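Once you have looked at the hints, place chain B on chain A.
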Amino acid sequence: MAGRAQPVSAWPGTSAAITLAVLILGTLTAVALRAETGAGLGRAEWAAIRFTLIQAALSGMISVTIAIPVARALARRRFRGRRILIALLGVPFILPVIIAVLGLLEVFGRAGWISDALGLLGFEPIRIYGLHGVVLAHVFLNLPLATRLILQAWQEVPAERFRLAAQLGCDGRAMFWLIEWPMLRRILPGAFAVVFAICLTSFAVALTLGGGPRATTIELAIYQAFRFDFDLGRAALLSGVQLILTILAAALALWLATGTGFGKGLDRAVRRWDGANPVSRTADAAWIIAAALFLLLPLAAIVVSGLPNVLSLPSTVWSAALTSLLVAALSTCLLLLLALPMAFAIARGGRGIVELAGLLGLAASPLVIGTGLFIIIRPIADPFALALPVTALVNAITALPFALRVLVPTARDVVERYGKLGVSLNMAGLPFLRFVLLPRMRPQIGFAAGLAMALSMGDLGVITLFADPDIATLPLQIYRLMGAYRLDDAASASLLLLVLSIGVFWVLDRGGRRHAEA
Amino acid sequence: MLKLEHVEIRKGEFHLKSHFDLQQGHIYAVLGPSGGGKSTLLEAIAGFDPVSAGQIAWHDRSITTLPPGDRPIAMLFQDGNLFPHLTAAQNVGLGLHPNLRLTKQDQSEIVKALSEVGLDGLADRKPAALSGGQQARVALARLTVQRRDLILLDEPFAALGPALKAEMLALVADLARARHATVLMVTHEPEDARHIADQVILVAEGQAHPPVKTQQIFDNPPPQLRDYLGQK
Numbered sequence: 001m002a003g004r005a006q007p008v009s010a011w012p013g014t015s016a017a018i019t020l021a022v023l024i025l026g027t028l029t030a031v032a033l034r035a036e037t038g039a040g041l042g043r044a045e046w047a048a049i050r051f052t053l054i055q056a057a058l059s060g061m062i063s064v065t066i067a068i069p070v071a072r073a074l075a076r077r078r079f080r081g082r083r084i085l086i087a088l089l090g091v092p093f094i095l096p097v098i099i100a101v102l103g104l105l106e107v108f109g110r111a112g113w114i115s116d117a118l119g120l121l122g123f124e125p126i127r128i129y130g131l132h133g134v135v136l137a138h139v140f141l142n143l144p145l146a147t148r149l150i151l152q153a154w155q156e157v158p159a160e161r162f163r164l165a166a167q168l169g170c171d172g173r174a175m176f177w178l179i180e181w182p183m184l185r186r187i188l189p190g191a192f193a194v195v196f197a198i199c200l201t202s203f204a205v206a207l208t209l210g211g212g213p214r215a216t217t218i219e220l221a222i223y224q225a226f227r228f229d230f231d232l233g234r235a236a237l238l239s240g241v242q243l244i245l246t247i248l249a250a251a252l253a254l255w256l257a258t259g260t261g262f263g264k265g266l267d268r269a270v271r272r273w274d275g276a277n278p279v280s281r282t283a284d285a286a287w288i289i290a291a292a293l294f295l296l297l298p299l300a301a302i303v304v305s306g307l308p309n310v311l312s313l314p315s316t317v318w319s320a321a322l323t324s325l326l327v328a329a330l331s332t333c334l335l336l337l338l339a340l341p342m343a344f345a346i347a348r349g350g351r352g353i354v355e356l357a358g359l360l361g362l363a364a365s366p367l368v369i370g371t372g373l374f375i376i377i378r379p380i381a382d383p384f385a386l387a388l389p390v391t392a393l394v395n396a397i398t399a400l401p402f403a404l405r406v407l408v409p410t411a412r413d414v415v416e417r418y419g420k421l422g423v424s425l426n427m428a429g430l431p432f433l434r435f436v437l438l439p440r441m442r443p444q445i446g447f448a449a450g451l452a453m454a455l456s457m458g459d460l461g462v463i464t465l466f467a468d469p470d471i472a473t474l475p476l477q478i479y480r481l482m483g484a485y486r487l488d489d490a491a492s493a494s495l496l497l498l499v500l501s502i503g504v505f506w507v508l509d510r511g512g513r514r515h516a517e518a
Numbered sequence: 001m002l003k004l005e006h007v008e009i010r011k012g013e014f015h016l017k018s019h020f021d022l023q024q025g026h027i028y029a030v031l032g033p034s035g036g037g038k039s040t041l042l043e044a045i046a047g048f049d050p051v052s053a054g055q056i057a058w059h060d061r062s063i064t065t066l067p068p069g070d071r072p073i074a075m076l077f078q079d080g081n082l083f084p085h086l087t088a089a090q091n092v093g094l095g096l097h098p099n100l101r102l103t104k105q106d107q108s109e110i111v112k113a114l115s116e117v118g119l120d121g122l123a124d125r126k127p128a129a130l131s132g133g134q135q136a137r138v139a140l141a142r143l144t145v146q147r148r149d150l151i152l153l154d155e156p157f158a159a160l161g162p163a164l165k166a167e168m169l170a171l172v173a174d175l176a177r178a179r180h181a182t183v184l185m186v187t188h189e190p191e192d193a194r195h196i197a198d199q200v201i202l203v204a205e206g207q208a209h210p211p212v213k214t215q216q217i218f219d220n221p222p223p224q225l226r227d228y229l230g231q232k
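If you read the sequences in order, they're chains A and B. Going by our numbering, 202 is the number at position 202 of the first sequence; the sequence numbering is gapless. Going by our numbering, 133 is the number at position 133 of the second sequence; the sequence numbering is gapless.
In short, the hints are calculated from the structure, not lab data. Keep in mind it's a predicted model, so treat the numbers as computed, not measured. Don't take each hint at face value.
[Stated by the list, open to error] Distance ranges between label pairs, derived from CB positions:
#1 Leu-254/A x Arg-10/B: 32 to 38 angstroms
#2 Arg-61/B x Glu-160/A: 57 to 63 angstroms
#3 Glu-355/A x Glu-5/B: 37 to 43 angstroms
#4 Phe-228/A x Asn-99/B: 53 to 59 angstroms
#5 Trp-11/A x Ala-166/B: 42 to 48 angstroms
From the three backbone atoms N, C-alpha and C, an ideal C-beta is built for every residue, glycine too.
For reference, chain A alone in the conformation it holds in the complex (with noise of 0.2 angstroms):
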């Protein structure tokens, strides 16, 4: 509404926006302009493009397919640990991939538990690579996601249905026909669309699980025309190709999916009258730890061969881990510098520009920025010099949809609530911001903070562009660990990523919420 009073004002949030179209098109431009004209798509591309989304494709709808009877069990059953599983089910977003990687090598791998148990009995062991692997890793990664989006929409039907359908003497076939099933259409398109997206611009799985010419993602194939060949115009050639099916893929996602995951009250229990026969509680239980022991056993796995040797890391390990915290504080600063400015001017019911940026943020390729600010930066300085800035900045970029995700309805509910009292106390501008928008929204501040820098801290991508030998975070060096077989240090150090990454979030959550009130 034009002219209508507002405690905040639109500029910061404004020039946040166009700061960051300017920097995700300015980077796709310079890329676009080293893409050679007429060298279109070869095999090689064609087999990437292919890779990708079959592996997204399956990783979706395997993820979805078993979170449906998960998300079911947790939804009618009490037990004990319930609430704990669930608060676990949020880990896996936050939780570094290479651990993931690392973890399920030693439950999965040739050399892990379940090949030596294989081995006892006179089989072959498991190999892990190739499509199968990025498959199961992302499935590891993404099936909490799936499991709480379902979850979310079965806590969501009102009880009152269940007792009218047990009152009609429905039984468990009937209920699900009824109510469960038209539920499941309307969220399902969207639970798999989410993990689809998430997986299409997967690199460290790939990286690490994939690899040769039957399993590369387009990612990846960037990542190796820049790296190996320094073939920019074949990097910028898949970027443009990446960029169209995010973009598509993102705008899938947003169009289907309904919830966040992140929602409150996802540990009350549906009361429910069908489902007590022995075969159901069984049925259900055994989902329930079938999911469990697949999500912790690898992390397990971590704890237990890392513990031994972490007072004993080499030093560069520890350095890396510092390298990483700083590169994570960085990133997460730059984020709160985009993310306020623009909830902000979203909050004013700003649309446009600042939302329009929001949406480039979800569709952007961690890996077509670090290339074309690589393009950028290399007449005017070092790029290898300014790996860590470069790679905080991407980070921020990356996590800024998350971030605004959590802080637009909130500042929007502030402004609505408190924006007129405000204003009529002359205290538009600062004066609001500092004394009713921050402090009120300080728990959600605190939250997305706590994400951007476990999220940053966990990162293995850019960084990988732009590293050389003497330069690492943490990840990074868990990779070059793994890839020189000490995989015992490899575990060391992922124990000591995990408690660091786990432990940023934590703090940065709690601090937000401590003495916060309603």
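Relative to chain A, chain B alone:
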């Protein structure tokens, strides 16, 4: 000394017209059916909604385009009149300086204002630790330190019980008479208007009618008021 000259407010399908003057030091009740535009009238005067035609003037100076905080107006809303994370004293202090840079003199003024509304010793409490009546008193204390000539009340005491509400309205009336301030209060209860209002502004059917003396309008109600009151 507030002049509404052919003021027109539009919000989508809804529109409200008004053309009248208000005298300084008088208390006006704004009465009428819900959805009739009582709050809209106050919000336009306060500057939250732009007027689509006409002029709002204060002492012959147009305030039509001034931002809300620069108008000679203090306003209390239906709810959310206090910031829950700030103390009572800070909430009152915002009426003196929106950036809360308070001098010793300001501090003592705040203490005095709180004590005048009967909140001695509660300056450091946050709203959650105060009763509904006490919260309303904190908002009143802020009104006193704001020293504005025009006070707009959009049913801020609606959630209080009848006795408490009457007490708060009486406090507002005392404050306004002592300062010679003008009060414009929305209400949907004729009793409130009878108790403290000098004149009544009837808002119905897209029209804010010019003020009429309270006694006179209730003795001889116009058709819209009769409909609202449920009289034959």
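Going down the list of hints, with the structure as the test:
The given range of 32 to 38 angstroms is respected by Leu-254/A and Arg-10/B, whose C-beta atoms sit roughly 34 angstroms from each other. Checked against the hint of 57 to 63 angstroms, the pair Arg-61/B and Glu-160/A passes, with Cβ atoms roughly 59 angstroms apart. Taken as a hint, the range 37 to 43 angstroms holds for the pair Glu-355/A and Glu-5/B, whose Cβ atoms sit roughly 40 angstroms apart. Between Phe-228/A and Asn-99/B, the C-beta spacing of about 57 angstroms keeps the proposed range 53 to 59 angstroms intact.
For Trp-11/A and Ala-166/B, the Cβ-Cβ distance of about 47 angstroms falls inside the hinted range of 42 to 48 angstroms, so the restraint holds.
In terms of the numbered hints stated before, the structure departs from none.
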